[in-house]
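Taking the hints into account, I'd like the entire structure generated from these sequences.
Protein chains: 6
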Amino acid sequence: MWLEYKTIIDTLSLSHDVRAIIVSGAGDRAFCSGLDVQAASQNGVFAEKGLTPTDPARKAVSIKRHVQEFQDCISSAEKCEKPVICVMHGISFGLAIDMSSCADIRICTSDTRFAVKEVDIGLAADIGTLSRLPKIVGSFSWVKDVSLSARIFSGDEALRVGFVSYALPTKQDAIAKALEVAKLLAEKSPIAVQGTKELLNHARDNKLADSLRYTGVWNSAAVQTTDVERAMLSGLKKTRPTFEKL
Amino acid sequence: MWLEYKTIIDTLSLSHDVRAIIVSGAGDRAFCSGLDVQAASQNGVFAEKGLTPTDPARKAVSIKRHVQEFQDCISSAEKCEKPVICVMHGISFGLAIDMSSCADIRICTSDTRFAVKEVDIGLAADIGTLSRLPKIVGSFSWVKDVSLSARIFSGDEALRVGFVSYALPTKQDAIAKALEVAKLLAEKSPIAVQGTKELLNHARDNKLADSLRYTGVWNSAAVQTTDVERAMLSGLKKTRPTFEKL
Amino acid sequence: MWLEYKTIIDTLSLSHDVRAIIVSGAGDRAFCSGLDVQAASQNGVFAEKGLTPTDPARKAVSIKRHVQEFQDCISSAEKCEKPVICVMHGISFGLAIDMSSCADIRICTSDTRFAVKEVDIGLAADIGTLSRLPKIVGSFSWVKDVSLSARIFSGDEALRVGFVSYALPTKQDAIAKALEVAKLLAEKSPIAVQGTKELLNHARDNKLADSLRYTGVWNSAAVQTTDVERAMLSGLKKTRPTFEKL
Amino acid sequence: MWLEYKTIIDTLSLSHDVRAIIVSGAGDRAFCSGLDVQAASQNGVFAEKGLTPTDPARKAVSIKRHVQEFQDCISSAEKCEKPVICVMHGISFGLAIDMSSCADIRICTSDTRFAVKEVDIGLAADIGTLSRLPKIVGSFSWVKDVSLSARIFSGDEALRVGFVSYALPTKQDAIAKALEVAKLLAEKSPIAVQGTKELLNHARDNKLADSLRYTGVWNSAAVQTTDVERAMLSGLKKTRPTFEKL
Amino acid sequence: MWLEYKTIIDTLSLSHDVRAIIVSGAGDRAFCSGLDVQAASQNGVFAEKGLTPTDPARKAVSIKRHVQEFQDCISSAEKCEKPVICVMHGISFGLAIDMSSCADIRICTSDTRFAVKEVDIGLAADIGTLSRLPKIVGSFSWVKDVSLSARIFSGDEALRVGFVSYALPTKQDAIAKALEVAKLLAEKSPIAVQGTKELLNHARDNKLADSLRYTGVWNSAAVQTTDVERAMLSGLKKTRPTFEKL
Amino acid sequence: MWLEYKTIIDTLSLSHDVRAIIVSGAGDRAFCSGLDVQAASQNGVFAEKGLTPTDPARKAVSIKRHVQEFQDCISSAEKCEKPVICVMHGISFGLAIDMSSCADIRICTSDTRFAVKEVDIGLAADIGTLSRLPKIVGSFSWVKDVSLSARIFSGDEALRVGFVSYALPTKQDAIAKALEVAKLLAEKSPIAVQGTKELLNHARDNKLADSLRYTGVWNSAAVQTTDVERAMLSGLKKTRPTFEKL
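Residue numbers (the numbering used here), protein chains in the order written: chain A, 1 to 246; chain B, 1 to 246; chain C, 1 to 246; chain D, 1 to 246; chain E, 1 to 246; chain F, 1 to 246.
Worth double-checking, as some hints may not be accurate.
Unchecked claim - Label-pair ranges, simulated between beta-carbon atoms: (1) A:I8 x D:D156: 49 to 57 Å; (2) E:I8 x D:D156: 36 to 44 Å; (3) F:K79 x C:A186: 30 to 38 Å; (4) E:R29 x C:E69: 43 to 51 Å; (5) D:Q172 x F:M1: 24 to 32 Å; (6) A:R240 x C:A186: 54 to 62 Å; (7) D:Q172 x A:D55: 56 to 64 Å; (8) B:P169 x F:A209: 49 to 57 Å; (9) C:E69 x D:D156: 49 to 57 Å; (10) F:L236 x E:R29: 16 to 24 Å; (11) D:G27 x A:D72: 36 to 44 Å; (12) D:A26 x E:Y5: 50 to 58 Å; (13) F:P169 x E:R151: 14 to 22 Å; (14) D:I8 x F:A209: 39 to 47 Å.
Since the hints were made in silico from the structure, they are not lab data.
Everything numeric in this text was worked out from a predicted model, so none of it was measured.
We treat Cβ as the ideally placed atom computed from N, Cα and C, and that holds for glycine.
See below:
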């Protein structure tokens, strides 16, 4: 399933007809209730590789390969050239945090029940939650509290600490908000929107001087776009610009 | 104008009579309504360099030089040895965010209308906003939301997410607050204040171990100052210390 | 005293009977009112080393050694393998911030009076506050405001900006909360809890790709633990798992 | 072709029957005479993507995607879990340097004619040569000389500066040497060999403290291997150990 | 004098008529016999700033400003967009190493007498030698030996360890070699040459993945140059291409 | 034994009577023939900790603690404030490389028999060799060759690739050379020598801009030393300066 998820996101990333992506969960109960315990159990890991190592070092190699492949699948939304909006509702445990942490904008319902649940199954979360939370939420004390305790926190708490940008009353409202934001982004210059995503992701991980240098080089090609003229003219004429596909 | 801005900040940075700097906007309408579209248009960029390259690669070199020079001008407030307080009001679009992101402390009016506006003219912001916002505001979802959508956000929202430290009712109040903070900083040991600014900026961009190491070396000279004794004595005697210029 | 503090924390870090640590202050007046001015004065520094250098460069070497030793003592809580909860109340100045910034979860009373006080004695804080605050609180404007001005901020303000996770009415309440959290953490798999602390600390200081890579390698050994099976079974059976000491 | 190259290397990387890989060129004339100019021309790049952008910014996005895909193909040898030995002879221009820079051990004939040839077709090499040469050859003056001038250098010069480990008289000798080394590596514990490759690659790119930390975590699983006991016993008994596949 | 040096290099960096730069010394005795001891003495430093601080911390600030300004002057050759070749002969002490370490290609006479001389005047070299030597010469043991001991090493030794690319019998020969290399570089596409310098400098200081990413973005604009077509055609037709100025 | 080694080095590091340190091996046969296989075997590791974990994850924690403690012991020579010269002869396997890689200057006999021997006992070297070799020897192909193959290389080969600075005919010669270098370093300003070591180690691990910044701050205290005046005067008067202890 996660390999398919990556394939879909990678395809949308390069699809010329796509300007923004919304990821949401089916049904009312849960966005994602976490990893399928059975499938992810150690035997599962080894079985799907066709290996049955007994040496702890060889097991470790097999596990590392599996974790890295899983990380790659989930990270696809972050690497996706198009902006990704994640809408969460109901139960949003474990993988829900891994997945949504890779999105650009997070939206949820007020009563979403979040948890970094992995500690409760004897694991440190390894598909991205622990790597990304300290970089996307400002309070390190809060990040450690929820990650170490696996306690449930609500959509409203998620909004207060900045994990999500919007907490709406119902799933319908949250989807509507996501569509509104996605529509807004889709109307902008794709050169500008995709460049902004790339530069923000680069900035988060790099020193200021490196980020400024990279930005200058990036824009040395990007500002040669005809979108600048189109956008400026539309701004002056109060019309809506149209931009070439990307 | 931006070269002059840099010259002024660089001069104040080394001026022995200055202890703190306040940057604010003239008039009631705007702190800064963004880049002068005409001047910044591509032709403008090339014209001011006396070049008319048609080769996209040579245009790119010219653009990169221009962006880096512009970044250098705006970054001067961050590199300035003295603390810089930025007071914003009214329209504060585009360059307003670039400029204020370099300041140490941001203050605004509640009704300031902020926007990372560049996307609306077909550009990814390249004078520092995208490099600095992820490092000065804790919610990455919020940073991406406002940067990708170019939506307007108020001074109150800016306070809630931590972009500014104070949002006051009127421009007059905001200026008064800035003066109060500036006066407070000006009474402290300049060795302590300027060292604190330097070490915080270094810490933001470096690993913890590197920051601690740098801090130890920095203070190995700084704590030899006579300001420590003066400050301590004044603390005990409840008098106001005076410190040598720096 | 700080060497003893390090010895205690280092011992608890490896003690097989310890699952979580709470650091709090004795008495009602203060968690920590800051460095003992007399002991920390320059003469103090040199005296305790048995050196009386007059050369500013040799003094600097002596100061650097002293600062690094002090940093090492305070940093022990961060390096400690077990989660550390810090409970603050009353006056919490200077070293209180250095110390608590190393803890994983910070709890305080609403009326705690915090201050990054060092500027008021002519110093830039050098035992860790300036290195850690930009990485544990999301608003850089707030961090600079309190660090440059040495102004007092309350427990409630600390909660609002995310410096602490909980602000309770009384010290008794704060301690109770800390015990509740500590008890919760102590019931979890120590492999999972200690791995989570390590991976979050690593993530804070490293690029995303490096953090993901490290996480995969870390868990390649960690998920071979029998705790996973125990935790999963307990989860299914709704019983409380017991885990081997670590 | 390069996508196939990556597929082959990726397959060998995980193949349990492979212990070491040798990459060499067919025929006598050349290991690789560089990129196929026709295929790599700009039109070629755009054509194979099915895009015909005229906007310089959209062209840039297309080029960037192409370069990154090409880099990924060539980098596969560096990421390959098994050690890769590259044997070069005859003309070894452009891509020959990109490819061989990713190998672990480089071997050539004395009369190999190397060149970082890209400058001569109006390009800065972008498939890895400029990124890797400064990290695999110690003399930065030499690296810049050959990269800026595109001048031809011999196998003997490559040996003198450390780009290759062995320069042999003939291609046959070079292949024989590679087989000798490969055979030697294949007899060792694969846990030890593959761990050594991973840790050296990590060390090259990371600070010392980070490398030591990563090494400790890596080996915390790896030294639990039964290979240690087998290797030690064989060492004492002067027999040749056999190790499980990996 | 060093401010003038920077002005000259900065001007040549952007001058459209310049393709390569050679820095050499006048006369037969020395390329550079090191810093003017009198001018650089502490009093000198303070005097030229018009300050007479007695406080060690304020002296330190003044020294730091002076060192950074000096570093900026010397670093200009490294930041220069055009390739810089440094030719050394005779005495080449102290600043000679600082200066030449910033050049791209180093050439000397066999009997050049080099020394990292600063230790002999009670100083750790601070204008760039200690920062750059470990990154431009592969043997760290050699770098430490000459830097700690201040011992003299010859042009031939410099060639052997890779500090220089060529050691010629006489100054005349060395200049002739530099002119030959400069002429060669001047005939190449300036887009390719200047991009190669930039990418190599970036690679030296960054992780591999960051270097590859930056390279892709850099070339996304650069390969749109008409120089590629011109160079390729000239290659096929065996003619010498001409390239637009940059 | 290694804890004692660290204690000795740490003591010499701060001893005011020491200016340089030489580490050499007793007897004729070996500098170090590598780890005591018995002591380092897994049981050994667990036994000395008083633990008998069977859980692979708990074993991993125990191993990691042990490796880090061992790394700390060996790294003491690198962190030592005084320059350390390592003299090797005879068999210099495994730990011999770990230890000597931490020294500042390496000297050996021509017939020293070196080997990164760990692969032959089923291990990736984890006490520092793999972390340091890529940073102290320029040829990455050579580093990988000797680390992956565990093949023996001579003192002469070590000199050729830059691992050592001097290869002398006999152990007596090598010791004499070390004493000569140590005597030379001991006559210099300790402020200058120790600063040079610190700045070179910092430069190796940091980006150029960070190294230059650190250097400026370091020297802002260091150049206030009276050693500068003493050294300069002695230079002018052709006398030997004496410097205060450090």
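Verification of the hints:
1. A:I8 x D:D156: 49 to 57 Å: For A:I8 and D:D156 the Cβ distance comes to about 53 Å; the hint holds.
2. E:I8 x D:D156: 36 to 44 Å: Given about 39 Å between the Cβ atoms, the range holds.
3. F:K79 x C:A186: 30 to 38 Å: Once the Cβ atoms are compared, 36 Å apart, the range 30 to 38 Å for C:A186 and F:K79 holds.
4. E:R29 x C:E69: 43 to 51 Å: Hint holds: Cβ distance 49 Å, inside 43 to 51 Å.
5. D:Q172 x F:M1: 24 to 32 Å: 50 Å, violated
6. A:R240 x C:A186: 54 to 62 Å: Holds - the Cβ-Cβ distance for A:R240 and C:A186, about 59 Å, lies within 54 to 62 Å.
7. D:Q172 x A:D55: 56 to 64 Å: 39 Å, violated
8. B:P169 x F:A209: 49 to 57 Å: At 43 Å between Cβs, range violated.
9. C:E69 x D:D156: 49 to 57 Å: 53 Å, holds
10. F:L236 x E:R29: 16 to 24 Å: About 19 Å separates the Cβ atoms of F:L236 and E:R29, which means 16 to 24 Å holds.
11. D:G27 x A:D72: 36 to 44 Å: 37 Å Cβ-Cβ, so the 36 to 44 Å window holds.
12. D:A26 x E:Y5: 50 to 58 Å: The hint (50 to 58 Å, Cβ to Cβ) holds, given that D:A26 and E:Y5 are roughly 53 Å apart.
13. F:P169 x E:R151: 14 to 22 Å: Distance hint for F:P169, E:R151 holds at roughly 21 Å.
14. D:I8 x F:A209: 39 to 47 Å: 41 Å Cβ-Cβ, so the 39 to 47 Å window holds.
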